[in-house]
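Student: The residues making up each chain are set out below.
Number of protein chains: 2
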Amino acid sequence: MNPYMKIAVEEALKGIANKEGGPFGAVVVCNGEIVSKGNNQVIMTHDPTAHAEVVAIRRASEKLGRFDLSDCEIYSTCEPCPMCYSAIHWAKIPVLYYGATRDDAEKAGFDDKYLYDVLQGKTKDGRLNMKQIERDLCIEPFKQYEEDANKQLY
Amino acid sequence: MNPYMKIAVEEALKGIANKEGGPFGAVVVCNGEIVSKGNNQVIMTHDPTAHAEVVAIRRASEKLGRFDLSDCEIYSTCEPCPMCYSAIHWAKIPVLYYGATRDDAEKAGFDDKYLYDVLQGKTKDGRLNMKQIERDLCIEPFKQYEEDANKQLY
Numbered sequence: 001m002n003p004y005m006k007i008a009v010e011e012a013l014k015g016i017a018n019k020e021g022g023p024f025g026a027v028v029v030c031n032g033e034i035v036s037k038g039n040n041q042v043i044m045t046h047d048p049t050a051h052a053e054v055v056a057i058r059r060a061s062e063k064l065g066r067f068d069l070s071d072c073e074i075y076s077t078c079e080p081c082p083m084c085y086s087a088i089h090w091a092k093i094p095v096l097y098y099g100a101t102r103d104d105a106e107k108a109g110f111d112d113k114y115l116y117d118v119l120q121g122k123t124k125d126g127r128l129n130m131k132q133i134e135r136d137l138c139i140e141p142f143k144q145y146e147e148d149a150n151k152q153l154y
Numbered sequence: 001m002n003p004y005m006k007i008a009v010e011e012a013l014k015g016i017a018n019k020e021g022g023p024f025g026a027v028v029v030c031n032g033e034i035v036s037k038g039n040n041q042v043i044m045t046h047d048p049t050a051h052a053e054v055v056a057i058r059r060a061s062e063k064l065g066r067f068d069l070s071d072c073e074i075y076s077t078c079e080p081c082p083m084c085y086s087a088i089h090w091a092k093i094p095v096l097y098y099g100a101t102r103d104d105a106e107k108a109g110f111d112d113k114y115l116y117d118v119l120q121g122k123t124k125d126g127r128l129n130m131k132q133i134e135r136d137l138c139i140e141p142f143k144q145y146e147e148d149a150n151k152q153l154y
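In order, the protein sequence lines correspond to chains E and D. Counted from 1, the first sequence has number 150 at position 150 by the working numbering; the numbering is strictly sequential. Counted from 1, the second sequence has number 4 at position 4 by the working numbering; the numbering is strictly sequential.
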């Protein structure tokens, strides 16, 4: 049994026992050491972004004092939803181990597969009405950002 | 000029002036009132998930004490990346106004379009190595979750 995934599962189980959120856990590992653990805390924190992977990434970034986790790996008890998948990308984590799948999550009542289907164009998003407005106004920050030669990239 | 988007742009400009992160701002509005404002703070906070929309959603949820923002609208200076798009979904926000596009963000050096292309299968994700392990272990939390008749759904 993978020792990191075992801990991720324990985090998930603790989280549901404490009514913190859904049945998901995650662990961030750097050079064989566990940097952070996380579980879904949407119910407890009222934060809809508090998925296990996002919680673990935030904690790892805080602990290491950097947003670049390219020397880390992440273990998640379930295939990440598109939010968490993208968060892993933004954190520059190059390796992900996951256990259950988006189909398992769907059977438990979660929208992970729905979101993937929407993003892949397989399903129309009937829940979000998107309208583009004020593009000229909104590209001003890009212009100022591009002029800053000393900016830190991420 | 849309007054909410004007404020979102102001947040973006303040954020880059203070070197907090990228050129993005967002505002959450409920019944015509601004509930929260946010800007990208990835550099300042070291949190790779601190995109403008995620920051604004977290603040709105904290202020309102609920993860369900289905009576809110969100204004974002740029088309949300897949992380933020999914965060809007998880927050159940039904209306999104955005200004600049994923192409504008790409021109400024951001991976929003890359991530959409990967999720749509147009581009292979050469940056993340995903491996499935320990599914049997990882579906245990789902089983326990499903048995809890009093769980709060989100």
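A couple of the hints might just be wrong.
If several chains are the same, the list does not tell them apart, and a pair holds so long as it fits within one copy or across any two.
Result set (DSS-like, lysine-lysine): computed pairs, CA atoms no more than 25 angstroms apart in a straight line [claimed, not checked]: (1) K63 x K107; (2) K19 x K122; (3) K122 x K6; (4) K19 x K131; (5) K107 x K124; (6) K113 x K143; (7) K131 x K92; (8) K131 x K143; (9) K63 x K122; (10) K113 x K92; (11) K151 x K122; (12) K113 x K124; (13) K124 x K63; (14) K14 x K122; (15) K19 x K92; (16) K19 x K107; (17) K113 x K63; (18) K124 x K6; (19) K14 x K124; (20) K131 x K151; (21) K19 x K124; (22) K143 x K122; (23) K107 x K6.
If you're looking for bench data, these hints aren't it; they were derived computationally from the structure. Since the structure is predicted, the reported quantities are computational estimates derived from the model, not experimental observations.
Student: Each of the hints needs a verdict: does it hold here or not?
Tutor: Going through the hints against the structure:
Taking identical chains as interchangeable, the C-alpha atoms of K63 and K107 are never at most 25 angstroms apart, the minima being 35 angstroms within one chain and 32 angstroms between chains. Proximity of K19 and K122 under a CA criterion of 25 angstroms is satisfied in neither setting, with 33 angstroms inside one chain copy and 39 angstroms between copies. Taking identical chains as interchangeable, the C-alpha atoms of K122 and K6 are never at most 25 angstroms apart, the minima being 34 angstroms within one chain and 34 angstroms between chains. For a Cα distance limit of 25 angstroms, the shortest separation of K19 from K131 qualifies neither inside one copy, at 37 angstroms, nor across copies, at 29 angstroms.
Proximity of K107 and K124 under a CA criterion of 25 angstroms is satisfied intra-copy only: 20 angstroms inside one chain copy versus 28 angstroms between copies. Taking the shortest alpha-carbon separations for K113 and K143, only the inter-copy value of 19 angstroms comes in at or below 25 angstroms, while the best intra-copy value is 37 angstroms. For a Cα distance limit of 25 angstroms, the shortest separation of K131 from K92 across copies, 17 angstroms, qualifies, whereas the shortest one inside one copy, 30 angstroms, does not. In this homomeric assembly, K131 and K143 come within 25 angstroms of each other (Cα to Cα) only inside a single copy, at 22 angstroms, whereas the closest approach across copies is 40 angstroms.
Proximity of K63 and K122 under a CA criterion of 25 angstroms is satisfied in neither setting, with 39 angstroms inside one chain copy and 35 angstroms between copies. In the homo-oligomer, the alpha carbons of K113 and K92 lie at most 25 angstroms apart both inside one protomer (23 angstroms) and across protomers (16 angstroms), since each shortest distance falls under that limit. Taking CA atoms no more than 25 angstroms apart as the test, K151 paired with K122 passes in neither setting, with 39 angstroms inside one copy and 31 angstroms between copies. Proximity of K113 and K124 under a CA criterion of 25 angstroms is satisfied in both settings, with 13 angstroms inside one chain copy and 19 angstroms between copies.
In this assembly of identical chains, K124 and K63 lie within 25 angstroms of each other by CA distance neither inside one copy nor across copies; the values are 40 angstroms within and 31 angstroms between. Within a single copy, K14 and K122 get their C-alpha atoms no closer than 35 angstroms, and across copies no closer than 39 angstroms, so neither meets the 25 angstroms cut-off. With identical chains, the CA atoms of K19 and K92 are at most 25 angstroms apart between copies only, with a shortest distance of 21 angstroms across copies and 31 angstroms within one. For a Cα distance limit of 25 angstroms, the shortest separation of K19 from K107 inside one copy, 20 angstroms, qualifies, whereas the shortest one across copies, 43 angstroms, does not.
Taking the shortest Cα distances, K113 and K63 never come within 25 angstroms of each other, neither inside one copy (32 angstroms) nor across copies (30 angstroms). Taking CA atoms no more than 25 angstroms apart as the test, K124 paired with K6 passes in neither setting, with 37 angstroms inside one copy and 30 angstroms between copies. Taking the closest pair of Cα atoms, K14 and K124 never come within 25 angstroms of each other, the shortest separation being 36 angstroms inside a single copy and 36 angstroms across copies. In this assembly of identical chains, the alpha carbons of K131 and K151 never lie at most 25 angstroms apart, being 31 angstroms within a copy and 35 angstroms across copies at closest.
Taking identical chains as interchangeable, the C-alpha atoms of K19 and K124 are never at most 25 angstroms apart, the minima being 32 angstroms within one chain and 38 angstroms between chains. In this assembly of identical chains, the alpha carbons of K143 and K122 never lie at most 25 angstroms apart, being 35 angstroms within a copy and 29 angstroms across copies at closest. Proximity of K107 to K6 under the C-alpha cut-off of 25 angstroms is restricted to the intra-copy arrangement: shortest distance 22 angstroms within a copy versus 42 angstroms between copies.
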